[in-house]
Every structure is written in C-alpha cells, then in structure tokens.
Amino acid sequence: DQQVKQNSPSLSVQEGRISILNCDYTNSMFDYFLWYKKYPAEGPTFLISISSIKDKNEDGRFTVFLNKSAKHLSLHIVPSQPGDSAVYFCAARGGGKLIFGQGTELSVKP
Amino acid sequence: GAGVSQSPRYKVAKRGQDVALRCDPISGHVSLFWYQQALGQGPEFLTYFQNEAQLDKSGLPSDRFFAERPEGSVSTLKIQRTQQEDSAVYLCASSLSPGQGLTNYGYTFGSGTRLTVV
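As they're listed, the protein sequences go chains C and D. Count along the first sequence from 1, then add 1180; that gives the number in this note's numbering. Count along the second sequence from 1, then add 106; that gives the number in this note's numbering.
Among the hints, erroneous ones may be present.
To be verified - List time: in silico DMTMM-like cross-link candidates among lysine to aspartate or glutamate, alpha-carbon distance up to 20 Å:
#1 D:Lys163 / D:Glu177
#2 C:Lys1217 / D:Glu150
#3 C:Lys1251 / C:Asp1181
#4 D:Lys163 / D:Glu150
#5 D:Lys163 / C:Asp1181
#6 C:Lys1251 / C:Asp1235
#7 C:Lys1185 / C:Asp1204
#8 C:Lys1236 / C:Asp1204
#9 C:Lys1217 / C:Asp1264
#10 C:Lys1277 / D:Glu150
#11 C:Lys1277 / D:Glu158
#12 C:Lys1185 / D:Asp130
#13 C:Lys1234 / C:Asp1211
#14 C:Lys1277 / D:Asp162
#15 D:Lys117 / C:Glu1222
#16 C:Lys1234 / C:Glu1195
#17 D:Lys117 / D:Glu191
#18 C:Lys1185 / C:Glu1285
#19 C:Lys1236 / C:Asp1211
#20 D:Lys117 / D:Asp130
#21 C:Lys1185 / C:Glu1195
#22 C:Lys1289 / C:Glu1195
#23 C:Lys1277 / D:Glu174
#24 C:Lys1217 / C:Glu1238
What the hints assert, rightly or not - Partial list, derived from the structure: chain D residues whose beta carbon lies under 10 Å from chain C:
#25 Pro114
#26 Arg121
#27 Leu161
#28 Arg220
Just so you know, these hints were derived from the structure itself, not from any lab. Glycine included, every Cβ here is placed at the ideal spot set by N, Cα and C.
One chain only, chain C, in its complex shape (with noise of 0.2 Å):
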C-alpha cells in the first residue's frame, strides 16, 4: 500500500523553461512534506518543506504546493537548469518518520 505515489519515474525538460514535479499521498494525517534531491551514489539532499498548514512554500527558484483537499503536492522549478538534473524524492511525515515516493528523475537539457 503505497503511501506517497510519484506516477511519472520520468520527465525532461528545456533548460530555462518550468519544471513541474508532482505527488499523491493517502493519509490526511500527514503533517509534513519534504522534497529532495538525489545525484547517482549520494544520498538525497533536502530541497524544501512544507507544513500541512500551508499551500505554499517558495525558496529562490523551487516553490511548493499542496492541495489538502487534493492530497497532492507540486514541486515547481523555475528557470529550470542543466544541473537540476537528477531524482526528485518527495516524501511525508507520518507517525514521526518520513515515508517517500518511489522518486522522479528529471532530465534538463541545454
């Protein structure tokens, strides 16, 4: 029973135009979420949050929405940049530990 769904495992996009990541989740009770990034053979770094309380969160160029009623969050990229290239993680906090998605690879090409 997957939690936190990630549908698209791909997207590519011209460098300089938006890129748009997308997630579902399931339970309501969530109070958290997270995006974060992953280069091959590192761990995920932490991109922005945001608390269940909000629609919004913007940090320079990456912005983050959640619709509650919706059960949906989006990770907007804007301009987006060679070096965004990577897997993008989004992920929950419920019952005090993070449960994440199965992770979107983005491809920004010059």
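Keeping the supplied structure of chain C fixed, place chain D upon it in accordance with the hints.
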C-alpha cells in the same frame, strides 16, 4: 565530521553471511534513521533512534535485522544470514532534533552502503 558518514560504501556478501553497516551521524544530532532503498524505488523506513533509545523499529523486515546506537552517536545496522532480497542501498540520516529535520534543513543523509548479496 561535516556530514553523515557511512561505511563501508560497498559490501558484497555471500548468501547466509552476517554483515554490519556503520553510520556516523553529525556530531550532536539527536535523531538517527535507517532506510533501505531498493533499485528504482524510494527509501523505505527501517528504524529510528532518539539518542540511544530505539523508538521505532516497525520497518525492520525480519528478525534478521537488528540496529543499535549504544552511546547515542554511532549506529550499526546488522543483518544476519543475508538473503538475495536484502540487496539494496542502506541509507542513514540524522537531524539535530526531531522537529528541526522538517523545516529549513531537513534530515542529512549519508551516501549509503550498497549491499549486494550473491
């Protein structure tokens, strides 16, 4: 050190062998997590420590898996009688306090140990 250090980086074990994976969290970090990441999947929770207390071990897949953090710093994940399905990357993460991991800094992950059981 500056980050979370895991050793070894790679481990090849014969089926049935016991293995021990080490995690050195950032100095002073209270919370420590172990995750298992299979190929093409997201990390899956194994267990959580707050200082030396193991508060949650609900994700350990069988009684062959055991974790400890006796002095509240270094942690070891031990897998007895390894099986092929144990092949995965084992990630360790730490944070200064249980709540701090969720806001500006998140949990800091190590680079992981890739375990291959042959």
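Hints, verified against the model:
Among the hinted pairs, Lys163 of chain D with Glu177 of chain D is consistent with the structure: their alpha-carbon atoms are about 18 Å apart, no more than 20 Å. For the given pair, Lys1217 of chain C sits about 16 Å from Glu150 of chain D by alpha-carbon distance, which is consistent with the 20 Å threshold. Distance restraint check for Lys1251 of chain C and Asp1181 of chain C: the Cα-Cα separation of roughly 16 Å lies within the 20 Å cut-off, and the hinted pair is therefore satisfied. Our distance criterion of 20 Å between C-alpha atoms is met by Lys163 of chain D and Glu150 of chain D, whose separation comes to about 12 Å.
Using a Cα cut-off of 20 Å, the hinted pair Lys163 of chain D and Asp1181 of chain C holds, with the two alpha carbons roughly 19 Å apart. Between Lys1251 of chain C and Asp1235 of chain C the alpha-carbon distance is near 11 Å, which keeps this suggested pair within the 20 Å criterion. Of the supplied pair hints, the one linking Lys1185 of chain C and Asp1204 of chain C holds, its CA atoms being roughly 5 Å apart against a limit of 20 Å. For a cut-off of 20 Å, the pair hint linking Lys1236 of chain C to Asp1204 of chain C stands: about 16 Å separates their Cα positions.
Distance check on the hinted pair: Lys1217 of chain C and Asp1264 of chain C sit about 9 Å apart at the alpha-carbon level, within 20 Å; holds. At most 20 Å may separate the alpha-carbon atoms for a hinted pair to count; Lys1277 of chain C and Glu150 of chain D meet this at roughly 10 Å. This hinted pair checks out: Lys1277 of chain C and Glu158 of chain D have alpha carbons roughly 17 Å apart, not beyond 20 Å. The suggested pairing of Lys1185 of chain C with Asp130 of chain D is violated, with an alpha-carbon distance near 31 Å, which exceeds 20 Å.
At most 20 Å may separate the alpha-carbon atoms for a hinted pair to count; Lys1234 of chain C and Asp1211 of chain C meet this at roughly 10 Å. Using a Cα cut-off of 20 Å, the hinted pair Lys1277 of chain C and Asp162 of chain D holds, with the two alpha carbons roughly 9 Å apart. Of the supplied pair hints, the one linking Lys117 of chain D and Glu1222 of chain C holds, its CA atoms being roughly 16 Å apart against a limit of 20 Å. Distance check on the hinted pair: Lys1234 of chain C and Glu1195 of chain C sit about 30 Å apart at the alpha-carbon level, beyond 20 Å; violated.
At roughly 14 Å between alpha-carbon atoms, Lys117 of chain D and Glu191 of chain D fall within 20 Å of each other, so this suggested pair holds. The straight-line distance between the Cα atoms of Lys1185 of chain C and Glu1285 of chain C is roughly 14 Å, inside the 20 Å bound, and the hint therefore holds. Between the alpha carbons of Lys1236 of chain C and Asp1211 of chain C the distance comes to roughly 14 Å, so the proposed pair stays at or under 20 Å and holds. Distance hint between Lys117 of chain D and Asp130 of chain D is fulfilled; the C-alpha atoms sit about 17 Å from each other, no more than 20 Å.
Simply put, Lys1185 of chain C and Glu1195 of chain C have alpha-carbon atoms about 26 Å apart, too far for the 20 Å limit, and the pair is violated. At most 20 Å may separate the alpha-carbon atoms for a hinted pair to count; Lys1289 of chain C and Glu1195 of chain C meet this at roughly 6 Å. Distance check on the hinted pair: Lys1277 of chain C and Glu174 of chain D sit about 18 Å apart at the alpha-carbon level, within 20 Å; holds. Simply put, Lys1217 of chain C and Glu1238 of chain C have alpha-carbon atoms about 16 Å apart, close enough for the 20 Å limit, and the pair holds.
Violation of the interface hint for Pro114 of chain D is found here, the shortest Cβ-Cβ separation to chain C being roughly 14 Å, above the 10 Å cut-off. A least Cβ separation of about 25 Å between Arg121 of chain D and chain C goes past the 10 Å threshold, and the interface hint is therefore violated. This hint holds: Leu161 of chain D has a C-beta 7 Å from the nearest C-beta of chain C, less than the 10 Å allowed. For Arg220 of chain D, the suggested interface contact is upheld, since its CB lies about 8 Å from the closest CB of chain C, less than 10 Å.
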